[in-house]
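Chains as they are written, first to last, in the working numbering: chain E, 1 to 233; chain Y, 1 to 225; chain A, 1 to 246.
You may find that some hints are simply not true.
Here are the computed distance ranges between Cβ atoms for each label pair [to be verified]: (1) 188(A) <-> 11(Y): 57 to 65 Å; (2) 126(A) <-> 12(Y): 40 to 48 Å; (3) 126(E) <-> 66(A): 38 to 46 Å.
Here are some, though not all, of the chain A residues that point toward chain E, as calculated from beta-carbon distances under 10 Å [claimed, not checked]: (4) 30; (5) 47; (6) 68; (7) 146; (8) 180; (9) 183; (10) 244.
Think of the hints as simulated: they come from the structure by calculation, not from any bench.
No experiment lies behind these values; they were computed from the predicted model shown.
All C-beta atoms in this analysis are idealised placements derived from N, C-alpha and C, irrespective of residue type, glycine included.
The primary structure of each chain is shown beneath.
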Amino acid sequence: MSHAVEVEGVWKFYGDYPALRDIGLKAEPGVCLALIGRNGAGKTTLLRIMAGFSQPGKGRIGIFGHTPREPEARRRMGFIGHGISVYDELSAIENLTLFGRLYDLPAPRRSAEEWLERTGLAHVRDGLVREFSRGMRQRLAVARAFLHDPDVLLMDEPFTALDDRAIAVLQTLLHDALAQGRTIIMSTHQLREALELATDVALLNRGRVAFTGPRTAEMLADPGWVYAHYGEN
Amino acid sequence: MREKVLYALGIVAALLIARNLFHIFLRFPDEASQGAIFRIIFFHVPAAMTALLGAVVALVASVGWLTTRRLRFDSLAVAVTEVSLAFLAANLITGSIWGRIIWGIWWTWDARLTSALVCWLLYAGYLMLRRAIEEPTQRATVAAVYSIFAFVDVPIVIFSIKWWRTQHPQPVFWAGGSFPADWYWTALLMLLAMLLLGGVLTAIRLRQEETQREIDSMRRYAHAM
Amino acid sequence: MPVVETRSQPRTAPAVRRGWTSLPRQIAVIAWKDLRAEMRTKEALNASFAFALVILLLFSFAFDPTEEQTRAISGGLLWIVFAFAGTLVLNRSFARELPNDCLDALVAAPVSGSAIFLGKALANFVLLMALELVSLPVFGIFYNVRWTAQFWPLLLVLALGTWGLTVIGTIFSALTVNIRLREVMLPLLVYPILIPALMAAMQLSTALIAGQPLTGDMLVWLRLLAGFDVIFTALSIILMETVLVG
Chain E
1 MSHAVEVEGV
11 WKFYGDYPAL
21 RDIGLKAEPG
31 VCLALIGRNG
41 AGKTTLLRIM
51 AGFSQPGKGR
61 IGIFGHTPRE
71 PEARRRMGFI
81 GHGISVYDEL
91 SAIENLTLFG
101 RLYDLPAPRR
111 SAEEWLERTG
121 LAHVRDGLVR
131 EFSRGMRQRL
141 AVARAFLHDP
151 DVLLMDEPFT
161 ALDDRAIAVL
171 QTLLHDALAQ
181 GRTIIMSTHQ
191 LREALELATD
201 VALLNRGRVA
211 FTGPRTAEML
221 ADPGWVYAHY
231 GEN
Chain Y
1 MREKVLYALG
11 IVAALLIARN
21 LFHIFLRFPD
31 EASQGAIFRI
41 IFFHVPAAMT
51 ALLGAVVALV
61 ASVGWLTTRR
71 LRFDSLAVAV
81 TEVSLAFLAA
91 NLITGSIWGR
101 IIWGIWWTWD
111 ARLTSALVCW
121 LLYAGYLMLR
131 RAIEEPTQRA
141 TVAAVYSIFA
151 FVDVPIVIFS
161 IKWWRTQHPQ
171 PVFWAGGSFP
181 ADWYWTALLM
191 LLAMLLLGGV
201 LTAIRLRQEE
211 TQREIDSMRR
221 YAHAM
Chain A
1 MPVVETRSQP
11 RTAPAVRRGW
21 TSLPRQIAVI
31 AWKDLRAEMR
41 TKEALNASFA
51 FALVILLLFS
61 FAFDPTEEQT
71 RAISGGLLWI
81 VFAFAGTLVL
91 NRSFARELPN
101 DCLDALVAAP
111 VSGSAIFLGK
121 ALANFVLLMA
131 LELVSLPVFG
141 IFYNVRWTAQ
151 FWPLLLVLAL
161 GTWGLTVIGT
171 IFSALTVNIR
181 LREVMLPLLV
191 YPILIPALMA
201 AMQLSTALIA
211 GQPLTGDMLV
221 WLRLLAGFDV
231 IFTALSIILM
241 ETVLVG
């Protein structure tokens with residue numbers, strides 16, 4: 001049985017300098033793993049390697065047993081990064097239909113319409129993204145990531161750039177996703193929001209996993225708990 | 001140990017070059033139709049061959065990096081490209097001097113000359129491209145891909161004199177020329193000397209490049225502190 | 001107004017499908033996306049056409065060529081115009097993916113690097129051909145040249161030359177997408193690599209515009225041009241994945 005996400009002995013080098021050192025993590029269906037750590041600890045680097053945007057120097061990533069660059073893995077994986085990853089010159093419906101086609105959905109246009117409805121963007125379906133407000137753009141980005149119904153969601157600081165309404169949309173979607181047994185891995189600075197959702201926590205420190213374990217009641221009561229016990233001063 | 005081998009090879013190259021210079025300038029008579037300038041061929045042709053062999057090594061090293069992800073291959077690729085550029089420059093300059101004497105012009109846009117100059121520009125572009133990228137691993141990958149593209153020009157340089165009617169002379173050594181035996185020997189020994197010299201220079205640059213990478217990683221450690 | 005419908009989503013996604021779904025379809029989807037976005041703004045197309053006009057004008061002022069001279073330089077002139085103006089289109093190809101980090105979403109989608117490359121190259125090819133087919137009559141009028149004597153062979157040379165331009169422009173646009181000074185670097189890298197193709201296209205175009213048929217020495221150039229296209233297309237397809245994900 002292959003894990004939803006499995007990271008095994010992953011190293012990433014910048015020249016001779018190891019930015020990630022021997023990272024090992026596992027996540028099963030229904031798990032939400034919060035990746036925490038200081039700036040420069042390697043959270044974004046690790047997430048981008050899991051998403052297949054860059055190759056590890058050593059080690060192995062498995063998404064349901066496939067490497068991240070295999071289409072079987074990519075079909076089941078969604079990614080939300082710092083940018084909204086939709087095209088300014090295309091309309092909302094064109095953007096979603098485009099990605100629906102790239103993901104080879106059976107009915108790309110219908111899925112696109114459905115997701116515009118769910119994110120409250122149906123009334124601007126033919127509007128160009130560059131004319132959208134910030135909040136609308138962010139909700140469209142969320143729709144784009146969820147469009148192909150991914151089993152694994154990788155998110156880099158998902159709450160940082162969002163406005164209240166987009167946070168509400170995203171949180172509802174993530175709760176639903178967890179309830180349906182999907183896997184979420186998110187890097188975050190917003191400890192409170194993230195820890196509420198998380199079932200597991202991993203702390204990265206200078207490219208190493210300093211702590212990994214289930215999220216406990218102590219952490220929820222004091223979001224700084226992991227840092228206080230396992231972080232370097 | 002490695003250093004001693006390098007010194008020894010360097011000395012062998014120097015001795016060979018001294019022997020060749022002695023023959024070329026003091027022993028050989030002027031050639032019948034070209035006069036004194038014909039001697040430049042003993043520099044022109046071996047330099048070209050060394051440079052082209054260097055381009056092949058650069059290609060192999062670039063593919064080596066992409067397949068094995070060992071940064072030593074990347075260091076080899078830079079080192080050999082820099083050294084080959086120097087040899088190709090020597091080839092272009094000697095050719096130009098010869099052209100001034102024989103043709104009366106420094107340069108003509110025939111296929112051989114043009115493709116060789118383009119080749120030089122391409123590999124100079126390789127070095128410029130590397131300067132624009134800071135992160136060593138990314139730099140290695142981008143540079144390797146570029147080097148593979150640049151190599152496509154090399155066969156064009158070699159075969160240009162077959163494909164087009166060029167002003168550039170057809171090959172004179174090893175292709176049915178009729179030179180005295182000691183001319184062949186000297187040309188061959190010159191090639192050997194230049195290959196040795198190129199090898200030694202490449203090895204030195206390779207070591208510098210490895211040290212440079214070590215320094216870069218130490219800087220990154222320091223920043224991470 | 002309900003922001004999110006909380007009904008649990010029906011799991012309509014099909015069970016795991018294997019392998020790449022039809023490559024031509026993915027290529028078409030990506031090419032359509034690029035063309036659609038370009039037609040919305042016409043940024044690159046307008047700029048490149050205006051630039052082509054400017055170069056044509058400049059040359060005509062600078063040299064004020066006679067009919068004879070024009071015939072001798074026509075191929076060179078045209079391809080300098082195409083290569084310089086075309087770069088404006090080609091530069092945009094991957095720069096277009098940078099705002100909003102769109103490239104991430106494209107790379108994350110289950111399409112191979114080669115599909116992304118061919119899709120983008122196809123879109124660029126269409127845009128460049130459009131630019132050239134508009135520039136040609138303008139050239140004919142400004143320089144008083146009848147260029148249609150060998151129309152179909154000329155179209156073939158145009159297509160082959162443009163494909164070479166497109167392939168190199170597209171892959172190098174991708175290669176330099178994350179590099180500082182990319183606007184400076186790109187022409188420095190692209191033009192030297194293009195020289196064999198440009199030389200061939202220039203020689204062929206000059207002869208064809210002068211009304212000569214494709215024979216003899218011209219066939220060597222045609223072979224060089226076709227060979228250039230084949231080799232660099234193959235290399236780009238092989239290396240695109242490496243270019244995108246390292």
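Cross-check of the supplied hints:
1. 188(A) <-> 11(Y): 57 to 65 Å: 40 Å, violated
2. 126(A) <-> 12(Y): 40 to 48 Å: 59 Å, violated
3. 126(E) <-> 66(A): 38 to 46 Å: 55 Å, violated
4. 30: 8 Å, holds
5. 47: 15 Å, violated
6. 68: 47 Å, violated
7. 146: 39 Å, violated
8. 180: Since the shortest Cβ distance to chain E is 16 Å, the answer is violated.
9. 183: 20 Å, violated
10. 244: 8 Å, holds
Hint violations for this structure: numbers 1, 2, 3, 5, 6, 7, 8, 9, all remaining hints satisfied.
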